[in-house]
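Go ahead and model the full structure; you've got the sequences and the hints to work with.
All residue numbers for the sequence shown refer to my numbering, where the first residue is 37 and numbers rise by one.
Misleading hints may appear alongside valid ones.
As the list claims (entries may be wrong) - Here are the simulated lysine-lysine pairs, DSS-like style, with alpha carbons at most 27 Å apart:
1. Lys49 - Lys82
2. Lys107 - Lys180
3. Lys180 - Lys57
4. Lys170 - Lys180
5. Lys69 - Lys57
6. Lys107 - Lys66
7. Lys170 - Lys82
8. Lys66 - Lys180
9. Lys170 - Lys107
10. Lys82 - Lys180
11. Lys170 - Lys40
12. Lys170 - Lys57
13. Lys57 - Lys82
14. Lys49 - Lys66
15. Lys69 - Lys40
16. Lys107 - Lys171
17. Lys170 - Lys49
18. Lys57 - Lys40
19. Lys69 - Lys107
20. Lys170 - Lys69
21. Lys69 - Lys171
22. Lys49 - Lys107
Don't read these hints as lab results, they were simulated from the structure. For clarity, every value in this text was computed on a predicted model and none was experimentally measured.
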Amino acid sequence: MVFKYPWYNETNKDGDLMLIKFHLPIHINKQVKPLPLATHCPVPGKTCQISGWGSTTSPEVTFPEDLHCTKVTIIPQDQCRRIYPDSITTNMVCAGESRSRADSCQGDSGGPLMCDGRLQGIVSWGPGVCGDPKKPGVYVNLCKYTRWLQETMRRN
Numbered sequence: 037m038v039f040k041y042p043w044y045n046e047t048n049k050d051g052d053l054m055l056i057k058f059h060l061p062i063h064i065n066k067q068v069k070p071l072p073l074a075t076h077c078p079v080p081g082k083t084c085q086i087s088g089w090g091s092t093t094s095p096e097v098t099f100p101e102d103l104h105c106t107k108v109t110i111i112p113q114d115q116c117r118r119i120y121p122d123s124i125t126t127n128m129v130c131a132g133e134s135r136s137r138a139d140s141c142q143g144d145s146g147g148p149l150m151c152d153g154r155l156q157g158i159v160s161w162g163p164g165v166c167g168d169p170k171k172p173g174v175y176v177n178l179c180k181y182t183r184w185l186q187e188t189m190r191r192n
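Shown next, in the form of structure tokens:
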């Protein structure tokens, strides 16, 4: 069963999240573990981790056969707004690396932004070409959706 965030804005991608309820239980093991939600909003300068099966090249697309992970740094909100004028809402957070091409890319959307072992964000969108050190990835800032997430899980 899928629970879409009811106030998703398709134009600016605000509220780009949903919950999925599986019909069968998930078996926890060494490779599959729960990831707790962050209890606070991300701090600029914090090093976090992203992972996914998204493209490892851009603009041409090449998908890996195994899961890839990399570290990114939380970007201050005002800096992110300067990079993407009129595109960043308070419900979004930017993360990237100014000294490398570390980034999320096509195919990573919906994947985790993890900080201190907690789910801090969800891969949402970015510039047309991935890995530009001057253009960080944009993530759903999950601390802004804690109430909706908890209420939706409780009701279902």
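Okay, the hints, checked on the actual structure:
{"no.": "1", "hint": "Lys49 - Lys82", "in the structure": "holds (24 Å)"}
{"no.": "2", "hint": "Lys107 - Lys180", "in the structure": "holds (22 Å)"}
{"no.": "3", "hint": "Lys180 - Lys57", "in the structure": "holds (21 Å)"}
{"no.": "4", "hint": "Lys170 - Lys180", "in the structure": "holds (26 Å)"}
{"no.": "5", "hint": "Lys69 - Lys57", "in the structure": "holds (16 Å)"}
{"no.": "6", "hint": "Lys107 - Lys66", "in the structure": "holds (22 Å)"}
{"no.": "7", "hint": "Lys170 - Lys82", "in the structure": "holds (18 Å)"}
{"no.": "8", "hint": "Lys66 - Lys180", "in the structure": "violated (30 Å)"}
{"no.": "9", "hint": "Lys170 - Lys107", "in the structure": "holds (16 Å)"}
{"no.": "10", "hint": "Lys82 - Lys180", "in the structure": "holds (18 Å)"}
{"no.": "11", "hint": "Lys170 - Lys40", "in the structure": "violated (32 Å)"}
{"no.": "12", "hint": "Lys170 - Lys57", "in the structure": "violated (37 Å)"}
{"no.": "13", "hint": "Lys57 - Lys82", "in the structure": "violated (31 Å)"}
{"no.": "14", "hint": "Lys49 - Lys66", "in the structure": "violated (34 Å)"}
{"no.": "15", "hint": "Lys69 - Lys40", "in the structure": "holds (23 Å)"}
{"no.": "16", "hint": "Lys107 - Lys171", "in the structure": "holds (15 Å)"}
{"no.": "17", "hint": "Lys170 - Lys49", "in the structure": "holds (21 Å)"}
{"no.": "18", "hint": "Lys57 - Lys40", "in the structure": "holds (11 Å)"}
{"no.": "19", "hint": "Lys69 - Lys107", "in the structure": "holds (20 Å)"}
{"no.": "20", "hint": "Lys170 - Lys69", "in the structure": "violated (34 Å)"}
{"no.": "21", "hint": "Lys69 - Lys171", "in the structure": "violated (31 Å)"}
{"no.": "22", "hint": "Lys49 - Lys107", "in the structure": "holds (24 Å)"}
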